[in-house]
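S.K.: Take a look at the letters that make up each chain.
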Amino acid sequence: MTRRSLISIALVALALIATAFLMRLSPMAEGLSRQTDPALLCLTAMALLLTAPWRPRFAAVPTFAASALLTGAALLLLRDADISGAAGAGFWALVGAALVCAGATMTALSDLALTDPRARKLRDIAIPAVFGLMLVMLAELVIRGAGVPSVLLPAPSSVAWRFVHALPMLFEDLVQTFVKGVVIGFVIGNAAGFGAALLVQDRPFFRRGLLPMAGFISSLPIVGIAPIMVMWFGFDWPSKAAVVAIITFFPMFTNAVAGLSGASRIDMDLMHSYAASPSQRLAKLHIPAALPFVFNALKINSTLAFIGAIVAEFFGTPVVGMGFRISIEAARMSMDVVWAEILLAALVGTASYGCLVLLERKLTFWHASQRV
Amino acid sequence: MLDAATDRSRTAALSSPVIEARDVSLTYASADGDVHALSNINLSIAAGEFVSFIGPSGCGKTTFLRAVADLEHATGGDLRVNGLTPHDARMQRAYGYVFQAAALFPWRNIEDNIMLPLEIMGLDEDERRERARRNLELVNLTGFERKFPWQLSGGMQQRASIARALSFDPALLLMDEPFGALDEIVRDHLNEQLLQLWNRTGKTVLFVTHSIQEAVFLSSRIIVMSPRPGRIIDDIACDLPRDRGLDIRETPEFIALAQRVRSGLRAGHAYDE
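Residue numbers (our numbering), protein chains in the order written: chain A, 1 to 372; chain B, 373 to 645.
The shape of chain A in the complex, shown without the other chains (with noise of 0.2 Å):
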């Protein structure tokens, strides 16, 4: 970053917290200088953004502690009984002041002419953390700051403190929904797809009549037989489990057969030319061929796998399971618990995720598409 735009980034910030020192911070209450504690945050952050200038390279850390403090002084104001839910203009300019900052950690951040490759590694975490603390900050200063009715949308604090208190609920909805449901479910439909795909590889018959009733079947909204599956399988989990099965089911299929079938000519004349038995041929090309096409499928159902799972639940369900308590939560206005079982389901659909991805570069790393 130049050191003319980080001056007039920290001249915009400056401005922005003078405004905060000028005007009223809410209808009720006065500027900000009457609010000492608050008041010294923003003084110091205004210090440290006066120092970002001098040197441009470390600017993301100056720009960092400022945004944070000038977070901590709007945090600080939210306590205030006057202020919270009925912030004004000296606040919404302390917030934007606080926005502003980050930003520029951010650009200082990915601005940095980097070699070490670890430190590179870093930075790219470090860009995405910068990003999502700001929007977690802006959600909590706005919601609490405007008043937002909790109904509509809790402040992250509470969902998180919801989160915290929850957690032996949230652990039985867990296994419940998602190690019973979802996990079985997705090794059944997964290993249902893979193995009639090697059924009907080089069977053409097979392979012309289902696959074309395979996309016909995978069109359906598949959510809609959930009902279906209460009724044969009860109110449990393997009621869930089957619907995860179906769903998961023809991606598996339709990728399966694309990349059994998608050895080359020449690979098969190689395989040929050794008098290679079919399982030999399966084993040593097609199954390690269709390896890239399986990961996709994997990770595409992986994401279904979850919404079926959860979905499903609200057809009917034993009074556990993550999407029982969104449902039942939901009814009951008590949105802090809904978003902590959603915030549960994202932490732990992008765990699983993340870990197909680490096994895919494992197994795959020879396709171009993973070759580093």
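These are calculated hints, taken from the structure and not from any lab test.
Some hints here could point you the wrong way.
[What the hints assert, rightly or not] Distance condition first, Cα-Cα at most 30 Å in a straight line; then the derived DSSO-like pairs of lysine-lysine:
#, chain 1, residue 1, chain 2, residue 2
1, B, Lys519, A, Lys121
2, B, Lys519, B, Lys575
3, A, Lys180, A, Lys284
4, A, Lys121, B, Lys575
5, A, Lys180, A, Lys362
6, A, Lys299, A, Lys362
7, A, Lys180, A, Lys299
8, A, Lys362, B, Lys575
9, A, Lys121, A, Lys299
10, A, Lys284, B, Lys575
[What the hints assert, rightly or not] Facing chain A, according to a computed beta carbon distance under 7 Å, are these residues of chain B, among others:
#, residue
11, Arg462
12, Tyr469
13, Phe471
14, Ala475
15, Pro478
16, Phe626
Think of the CB as a built atom: it goes at the ideal place given N, C-alpha and C, for glycine as much as any other residue.
On the provided structure of chain A, position chain B as indicated by the hints.
M.R.: Showing chain B alone in chain A's frame:
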């Protein structure tokens, strides 16, 4: 070396031919009517010969090689490999085939690629490794065992594919324009190495090419072919000394042979278009 060569030709004369084609023809049905890829091919190849097939595209040289390998099926006549049908010969792993592209599996490193046919043929682990080591040495790829095909140059990949074809020690080597995609310097180098390899091992080689220089340099016999229908128009014995170097290409004998091949191609209207 010379003794070994005369020895080999003596046994070759005594034993039955490796390839025996009698009136072999091969016709494809296509949208524009039948294509006569091969028509009345009569050919007998003895053990230890290095036979090049040369001709313009569409003359059936690759088709003939694929028919020998049981990758295509002759529609007429009789084709024998080691006295067997191509299918039975393939089931006995009679030949190693080197394709136009290296066709190495990207998920296997070079050593594992060389060991692929050995795994299929059920050799034990120690034997597989030993043979991979020996054949990589033969094609000057020692030290590249752990590399993956996509980390190697085109010439190295093709050398690895030759090592793979040699790994199970077939007496017959079928090579379909193996160096066609390589630049001339690499090609010269690999030609020299191939010649040395042939001298050392005494294998029978069927080599498809469209380079006159390559054909004359490598072969003990050159079959000139012509398209529509694919047929043999000349069968040239190439009696240059066996341990020839690249310099031989400047000698009058070499040039005379190259001219005979070229005039054969011209007679077959290879330069029509």
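S.K.: Look at each hint and say if it fits the structure.
M.R.: Quick rundown of the hints versus the structure:
Distance restraint check for B/Lys519 and A/Lys121: the Cα-Cα separation of roughly 26 Å lies within the 30 Å cut-off, and the hinted pair is therefore satisfied. Note on B/Lys519 and B/Lys575: the hinted pairing holds, with a Cα-Cα distance of about 28 Å set against a maximum of 30 Å. Taking the CA atoms of A/Lys180 and A/Lys284, the gap is about 34 Å. The hint is violated against a cut of 30 Å. Distance check on the hinted pair: A/Lys121 and B/Lys575 sit about 54 Å apart at the alpha-carbon level, beyond 30 Å; violated.
Restraint check for A/Lys180 and A/Lys362: satisfied, since their Cα atoms lie roughly 27 Å apart, inside the 30 Å limit. Using a Cα cut-off of 30 Å, the hinted pair A/Lys299 and A/Lys362 holds, with the two alpha carbons roughly 15 Å apart. Pair hint A/Lys180 plus A/Lys299 holds up; C-alpha atoms about 19 Å apart against a cutoff of 30 Å. For the hint pairing A/Lys362 with B/Lys575, the CA-to-CA distance comes to about 41 Å; that exceeds 30 Å, so the pair is violated.
A threshold of 30 Å between alpha carbons decides the hint, and for A/Lys121 with A/Lys299 the separation of about 24 Å falls inside it, so the pair holds. Between A/Lys284 and B/Lys575, the direct Cα distance comes to roughly 28 Å. Compliance with the 30 Å bound is thereby established for this hinted pair. For B/Arg462, the interface hint holds, the least distance from its beta-carbon to any beta-carbon of chain A being 5 Å, beneath 7 Å. Taken as an interface hint, B/Tyr469 checks out: its beta carbon lies about 5 Å from the nearest beta carbon of chain A, inside 7 Å.
Given the 7 Å rule on beta carbons, the hint for B/Phe471 holds: about 5 Å separates it from the nearest Cβ of chain A. Hint status for B/Ala475: holds, given a least beta-carbon distance of 5 Å to chain A, under 7 Å. A distance limit of 7 Å between C-beta atoms decides the matter here; for B/Pro478 the minimum to chain A is near 4 Å, and the interface restraint holds. Because the smallest distance between the Cβ of B/Phe626 and any Cβ of chain A comes to about 33 Å, over 7 Å, the interface hint for this residue is violated.
In summary, the numbered hints that this structure violates are 3, 4, 8, 16.
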